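These protein sequence lines map, in sequence, to chains E and C.
So that you can map any letter, position 62 of the first sequence is 62 in the working numbering, and since no number is skipped, the others follow by simple counting.
So that you can map any letter, position 159 of the second sequence is 159 in the working numbering, and since no number is skipped, the others follow by simple counting.
Since the hints were made in silico from the structure, they are not lab data.
Treat the hints loosely; a few may be bogus.
[To be verified] Pair ranges (Cβ atoms, derived):
1. Gly160(E) x Lys19(C): 39 to 47 Å
2. Arg25(C) x Val172(E): 30 to 38 Å
3. Ala33(C) x Ile203(E): 50 to 58 Å
If you're wondering where the values come from, they're calculated on a predicted model, not measured in any experiment.
All C-beta atoms, glycine included, are put in the ideal place defined by N, C-alpha and C.
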Amino acid sequence: MLAALRVVVWRDLLVALRRRSDVAVALLFFVIVASLFPLGVGAEPNLLRAIAPGVIWVSALLSSMLSLGRLFEADHADGTLEQLLLGAAPLGAVVAAKALAHWLVSGLPIVVIAPLIALQYDLAPPLYGVLALSLLLGTPVLSLIGAIGAALTLGLRGGGVLLALLVLPLYVPVLIMGAGAVEMAAAGLGGQGQLLILAALAIVAAAFAPWAIAGALRISSE
Amino acid sequence: MLEAAELDCERGGRALFRKLSVSVRGGELLRIAGANGSGKTSLLRILCGLLTPAAGEVRWQGSSIKSLKEEYSRQLVYLGHAPAVKDELTAAENLHVTCTLAGIHGTVGDALDRFGIPADKPVKQLSQGQRRRAALARLVLSERVPLWLLDEPFTALDSAAADVTRNLIRNQIGRGGAIVYTTHQDAGLSDSRVVEL
Numbered sequence: 001m002l003a004a005l006r007v008v009v010w011r012d013l014l015v016a017l018r019r020r021s022d023v024a025v026a027l028l029f030f031v032i033v034a035s036l037f038p039l040g041v042g043a044e045p046n047l048l049r050a051i052a053p054g055v056i057w058v059s060a061l062l063s064s065m066l067s068l069g070r071l072f073e074a075d076h077a078d079g080t081l082e083q084l085l086l087g088a089a090p091l092g093a094v095v096a097a098k099a100l101a102h103w104l105v106s107g108l109p110i111v112v113i114a115p116l117i118a119l120q121y122d123l124a125p126p127l128y129g130v131l132a133l134s135l136l137l138g139t140p141v142l143s144l145i146g147a148i149g150a151a152l153t154l155g156l157r158g159g160g161v162l163l164a165l166l167v168l169p170l171y172v173p174v175l176i177m178g179a180g181a182v183e184m185a186a187a188g189l190g191g192q193g194q195l196l197i198l199a200a201l202a203i204v205a206a207a208f209a210p211w212a213i214a215g216a217l218r219i220s221s222e
Numbered sequence: 001m002l003e004a005a006e007l008d009c010e011r012g013g014r015a016l017f018r019k020l021s022v023s024v025r026g027g028e029l030l031r032i033a034g035a036n037g038s039g040k041t042s043l044l045r046i047l048c049g050l051l052t053p054a055a056g057e058v059r060w061q062g063s064s065i066k067s068l069k070e071e072y073s074r075q076l077v078y079l080g081h082a083p084a085v086k087d088e089l090t091a092a093e094n095l096h097v098t099c100t101l102a103g104i105h106g107t108v109g110d111a112l113d114r115f116g117i118p119a120d121k122p123v124k125q126l127s128q129g130q131r132r133r134a135a136l137a138r139l140v141l142s143e144r145v146p147l148w149l150l151d152e153p154f155t156a157l158d159s160a161a162a163d164v165t166r167n168l169i170r171n172q173i174g175r176g177g178a179i180v181y182t183t184h185q186d187a188g189l190s191d192s193r194v195v196e197l
């Protein structure tokens, strides 16, 4: 079974590597959206510092949405999804591997690049770590919840918009905790509480989302 | 081996077939014939468990395939309408992925050679027929899998590749495997039975 999961991650990473433009688009989208706010609201340092966590987190949310469409759509179109459904390994584990590959390609680069974006907002350097850590714990949840939505809307006309309507409300707890952790740390209260809740969310999502994704995929591929 | 009893299938509110019973044993070749849109692909998808029938049940060696899940998936090869290969990967990489997922081991290169497919070319540079061959190459490595479900295996193949496929099918039947396949033209195989939809 482990061989099957490894091969799924390897395959998705290889496809992403050979279609680098798709990955770059989502990442550039994140950088551009997060950079538009200082241009729009003006260069008042206190204001920028106050809005930074929220803006960076919302940008990460939107960027993660952008790449969700690809998660199952391409596999559905070329027939490889049927082979995943008929694989020897449990489908829940296989889709967890796919969500991991999605996170490595779309979530991890955001975690790495976020401190650079924070620079534009004049965030205090000690907060960079908290921001990156909150994203590190939160973005896997985005990938897992997003995958449920992507599986449910697979093959639907206008599925992209529906996916956004379905998934964005579910992202709210992650957004509140993620941005909240940085804000608390900025206020000198430490963001441990929020970070722990994010970690709990990640564990719960990792345990239950794969089975929901598998069920949704079976329904929508009928 | 495989039995389906009193299957009803509906697609988009329209009944495709009702009370259909099919069965196939080891060493048998079952052909599903019928016009376009008569439900050949749907029947095959029901038999492999991708589609739930509106009524009826599919059993593998006496147990319902719903309860067997992956245990049943391991016993079958399903080749669907689409070739199920990724454009970005080479034929060898594709076959490696498909076989690992199915839990099959074997030398990927030999299987591709049988069908004359360049192993290291991205699939995106191959023609429709070559993609089809790249998918069929999996059958070479699937000798030990007892049930083959093939949807239009001869579509887009030239005569050489069709011959290779026919030989694979005959050998598998000779080894005691069971095969169900769909086609709307004569494939030149001696079918044990034909189900007309």
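Hints versus structure:
1. Gly160(E) x Lys19(C): 39 to 47 Å: At roughly 41 Å between Cβ atoms, Lys19(C) and Gly160(E) fall inside 39 to 47 Å, so the hint holds.
2. Arg25(C) x Val172(E): 30 to 38 Å: violated, 56 Å
3. Ala33(C) x Ile203(E): 50 to 58 Å: Once the Cβ atoms are compared, 53 Å apart, the range 50 to 58 Å for Ile203(E) and Ala33(C) holds.
The structure fails hint 2 only (numbered hints given earlier).
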